[in-house]
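Undergrad: Each chain, written out:
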Amino acid sequence: MASLTLRNVRKRYEAAEVIHGVDLDIEDGEFVVFVGPSGCGKSTLLRMIAGLEEISDGSVSIGETEVNEVAASKRGVAMVFQTYALYPHMTVYKNMAFGLKQAKTPADEIDRRVRAAADILQITDYLDRSPRHLSGGQRQRVAIGRAIVRDPKVFLFDEPLSNLDAALRVQTRLEIARLHERLKTTMIYVTHDQVEAMTLADKIVVLRDGVIEQVGSPIALYEKPQNAFVAQFIGSPKMNFFAASDLSKKAAKVLKTDLTDDMQIGLRPEHMQVCKAADAVVTGTLELVENLGEVALVHLITDTGASFIAKTEKPPKEAKGEAISFTIAPELAHYFDKDSGQRLEG
Amino acid sequence: MAAIGSRSKLGDILWPVVAWTVALIFFFPIFWMVFTSFKTDADAVKPEFLFFFTPTLENYLNMTENYDYWRFAINSVITASFATIFALAVGVPAAYAMAFNPTKRTKDVLVWMLSTKMLPAAAVLYPMTYLTKNFLNIFDTHFLVILVLCLINLPIVIWMLFTYFKEIPKEIIEAGQMDGVNTWGEIKDILLPLAWGGLASTALLCFIFCWNEAYWTVRLTTTEAATLSKLIEGNRAPEGLFFGRLSAVSTAAVGPIVVLGWFCQKQLVQGLTFGAVK
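Taken in sequence, the protein lines are chains A and B. Residue numbering for the first sequence follows my numbering, beginning at 1 and increasing consecutively. Residue numbering for the second sequence follows my numbering, beginning at 1001 and increasing consecutively.
Note that these hints are calculated values from the structure, not bench results.
Taking lysine-lysine pairs in the BS3-like style, the calculated list, with each CA pair at most 27 Å apart, reads:
{"#": "1", "chain 1": "B", "residue 1": "1170", "chain 2": "A", "residue 2": "94"}
{"#": "2", "chain 1": "A", "residue 1": "74", "chain 2": "B", "residue 2": "1170"}
{"#": "3", "chain 1": "B", "residue 1": "1170", "chain 2": "A", "residue 2": "153"}
{"#": "4", "chain 1": "B", "residue 1": "1188", "chain 2": "A", "residue 2": "74"}
{"#": "5", "chain 1": "B", "residue 1": "1170", "chain 2": "A", "residue 2": "101"}
{"#": "6", "chain 1": "A", "residue 1": "104", "chain 2": "B", "residue 2": "1170"}
{"#": "7", "chain 1": "A", "residue 1": "317", "chain 2": "A", "residue 2": "249"}
{"#": "8", "chain 1": "A", "residue 1": "94", "chain 2": "B", "residue 2": "1166"}
Looking at chain B on its own, in the form it has when it is part of the complex:
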């Protein structure tokens, strides 16, 4: 009888191989990007220099000197941070209301919020560009980028917070009511301390999504509010394919968020599985 849980010898060998293969396939583009970023543009396209080449920091030096990397980076930090803060400021009360005072329509509202994510962004490209440029005059401003990033991530933020808040027993909130806390006290003294882990992973995920957002940040900015996505985009098209430089820019753009993700792995896993793993 093959006992449940005791895997076969073959499986012991096979699964790690499969896991490593998949991991390497996923990792390869990143590896290649980092590798290429240390090559000159000329070397980057030559097959014979694929693995053996003279590393250079030229691309990175170029980037900070000529392309104003830090301005883009600071814009990314500002827009992603404020968008996350605003999304939480709206999301916490919204999720609180739906988790602890649900009505018959709460589920519908939640589904409706999620449904906004199903609209293809390209469908509203023209109205968004026209309105912000010619009508509202907020094109290429931090305000616009923050607003857009906040709004497109709000459904996810509310869904995640709702799921976390749902896990808090209602009786604890009621005990708080019996003890005389007001709504703000309920949130501040009971809800947030209890949902701290969930809140942190939601904030982190929202920040990452904001940082990585490219569709709107590329199209609704030119210079003033342009983020790192725009920097990558800008290094691609106009002067042909400068792979070395493009790789350096990309590495510098994804670097901070990868490092952040690395340090917050635990919260991320919890966040991505929506609290299912404790």
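For reference, chain A alone in the conformation it holds in the complex:
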């Protein structure tokens, strides 16, 4: 178990810099999720921590030790790959034992640890099988088992669920959460899926273009996104953005804020409530309704041409082409600078 510290970490390929000076503190035992769109550098950052990518500048420390120049296998980290990356020519048992064998662990100790890990992951029955004969979910468990037997200080997961089907993804997500509960080891988890991030993380790190946009607990990111990018990235469906001109004349009064033209107003679909036209913050023409049963996603467009989505408990009575008005509780509205995208405290 260990904490992890990143100081001004940079990654350059030739002349192009892809990670632009990342500072991050990860507490001992914390479950941290790196999230961001593809190409944001989250995997690269993870691989730098793992020791699979060189660190161009800055320092990565595990516990008190700087590990920049330490080989991947000596860092006390274990990685679970998206493609599982099991050794196809070895049985499940040998896959899990391979790392310990490299470290010259005594055979009885290897056996004890492999069986203990297999027990946790319920793969004892498959130990003699080859990975070829396992399903995707089982393979991913073996990959996790291979990480567990090494008893690492930090677990690294690189999009471990993206190759699984939807049902299995939810189940495996739960298992990873339970595993963290049980082992209480520091875990770093990379995903582009904000639901995985929200459900698993103690702390979410949102990355974009090699820069950390915000670090915080899932709820903090949801309630107080520092900028428009984070606001849109966390939450589903995405937060709606409006210019002041898209809103009704009464909006400023309802929201108890001075609305200006250099401002973006962010309203989450789930916070919008149908109201009388006279009290509207925003009014839109109904375009499409997606009825999910428990809720309905109502797609609308304002007179000024801004599309937005509202999440309502029941599908609206209005027909396509008719206008619907919405209001929102003033404390649930978000304000961002139009140019910089930074949060405005209003």
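Please arrange chain B on chain A, whose structure you already have, making use of the hints.
TA: Below, chain B without anything else, positioned relative to chain A:
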């Protein structure tokens, strides 16, 4: 509507006929060679004995008694084997480096290697002969034949291995790094077991190319290191056209490699299609 995949009746008849015709055309010289090898030199040139003749083993007996077939055969085995081993010993690390740690210039290096195959061998005949004979003093030695066979096949060996190694997911190698294997362990414990099929077909193809090589083995040897190619060559020119004997020598020279190829058909097909067929 003519469904895709259901061929016409005509095609059902036509294609096998075409295939057999092509196969027979390709096979005919070999058939003729084997056939002729059982004729006496006198019978071999007579048209009336083309298909009907009294078979004889004279040519084969002659060959082992008078021409020292086994010495040539052993030379072929030695040179082709060692050339293949050395080519793999150099080729595996080279292909490994280029497949898993590519740089901007990896593609250029690969193309450059292949480009060496484009140089006409005859262009360097004189320097090669002069240097090995008068300067390095290695003319007509096993060492020279092995070296030359190894070098001329190295580009193909590296290309093939590179293609096979490329098919191995990089993550598996990285998982190995996380598990703490060193470079040699990566090659021994992960790469070679995974690329075993590719390695076998590469070795086989390299061996066959070495065995069949004639340009250099004929010109850079006289007796000591002469291979079966040289034996065939030697039976052609000096005493006129002894077709029966020449055919027997040729049959005995290509026989082993044809049998080897027959037994390893699967690997060969895989090797020749560069791993495209799985």
